[in-house]
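Chain by chain, the residues:
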Amino acid sequence: MAIEVRIPTILRTYTDGQKAVEGTGDTLAELFADLETRHAGIQARIVDNGELRRFVNVYLNDEDVRFLEGINTKVADGDNVTILPAVAGGMA
Amino acid sequence: MRYDSPLAAVGNTPLVCLPRLSPSADVRIWAKLEDRNPTGSVKDRPALHMIEQAEKDGRLTPGCTILEPTSGNTGISLAMAAKLKGYRMVCVMPENTSQERRDLLGMWGAEIISSPAAGGSNTAVRVAKELSAEHPDWVMLYQYGNPDNAGAHYATTGPEILADLPSITHFVAGLGTTGTLMGVGRYLRENKPDVKIVAAEPRYDDLVYGLRNLDEGFVPELYDASVLTTRFSVGSADAVTRTRELLQQEGIFAGVSTGAALHAAIGVGNKAVKAGEPADIAFVVADGGWKYLSTGVYTAATTEEAIETLQGQLWA
Chain A
-1 MAIEVRIPTI LRTYTDGQKA VEGTGDTLAE LFADLETRHA GIQARIVDNG ELRRFVNVYL
59 NDEDVRFLEG INTKVADGDN VTILPAVAGG MA
Chain B
7 MRYDSPLAAV GNTPLVCLPR LSPSADVRIW AKLEDRNPTG SVKDRPALHM IEQAEKDGRL
67 TPGCTILEPT SGNTGISLAM AAKLKGYRMV CVMPENTSQE RRDLLGMWGA EIISSPAAGG
127 SNTAVRVAKE LSAEHPDWVM LYQYGNPDNA GAHYATTGPE ILADLPSITH FVAGLGTTGT
187 LMGVGRYLRE NKPDVKIVAA EPRYDDLVYG LRNLDEGFVP ELYDASVLTT RFSVGSADAV
247 TRTRELLQQE GIFAGVSTGA ALHAAIGVGN KAVKAGEPAD IAFVVADGGW KYLSTGVYTA
307 ATTEEAIETL QGQLWA
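Line by line, the protein sequences are chains A and B.
FYI, the working numbering numbers position 1 of the first sequence as -1, with every residue one higher than the one before it.
FYI, the working numbering numbers position 204 of the second sequence as 210, with every residue one higher than the one before it.
Nothing false has been slipped in among the hints.
Dumping the calculated PhoX-like pairs for lysine-lysine here, alpha-carbon to alpha-carbon at most 20 Å:
#1 B:Lys280 / B:Lys202
#2 B:Lys280 / A:Lys72
#3 B:Lys62 / B:Lys91
#4 B:Lys89 / B:Lys62
#5 B:Lys277 / B:Lys202
#6 B:Lys277 / A:Lys72
I should point out that these hints are in silico values taken from the structure, not numbers from a laboratory.
The model shown is predicted, which means the values in this text are computed figures rather than measured ones.
Please model the entire structure based on the sequences and the hints provided.
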């Protein structure tokens, strides 16, 4: 088993158009480094100076990792990671 | 229960356990049935409270026109209260919201001004602010920034939930104006410091993001991130799946944004099971499914078809 990572349209140029790819690692930082070995260039679009980029949201099993431990959030096989450009919404 | 008028019957809604959707015997999920309010949504609480506070302050006087940006429920609640209290009601609503919502608003006598689909609720807010500047005599209660929105939940929803569920560990609600989460969140924190406050945010697919990519990021003035413990982002597929599970397994017919809140409630529930901790998780059923029947998500033969029918539509 591995960790499934859902890729937003804007980053699919790095994944040959794939909507989801798989990776491994104990933390998000390790997972993104692992993705970089197969999808060169993607890491720099997500990570900046060892932190998540400001306008990128990352969700672990749908939970915003900024409310967990950010890029150091622990991940495990079977988890689902979603990367999204930050957009505010309304629900009223 | 007996009340002196329909408006007096806002609130005091049931809190029901969902035995089939609860992850385990000691990790239980509870639904706060806000569809049982007079116009069928949680928005009756802030709408009535905002009107009554504005009357007390003297901002709203007989014959006034109320203006509000809304994708539906707040407008419907305000329109009903405005009708009974003798105010004119004007709603600004994105043009791509369902026909049922337009019909309901019209039924209670509200006038609708459509805002462009691009930008969704954010554009409706901008258009309403422009109209407000053009018509200084109109009263915009402005649910996104009016402390009486959160105040309604602080005064009523929060105390009701704590009285019914003193063992509450998590409160989950949709994140829109943020009024429910801010109001209930603050009340629960003051009375139960360890409680976790969990937001469920709608996550739209690429097609809807396309519609919304003109957005400036809009953060409601009421929003205070420090009230939240965590935040879930729920995609259309999960929101639809949970909405249908709620109907099929527990018999509750709720709107699609409720499915998103349930998804987050089950998410924190599964984490509690993994951690071996008991939990009592209350989440808000914001409205019933009636207004969304025309989307086809309830009548589709399979969940896959239901998800397909919702592609490209705003559901919260």
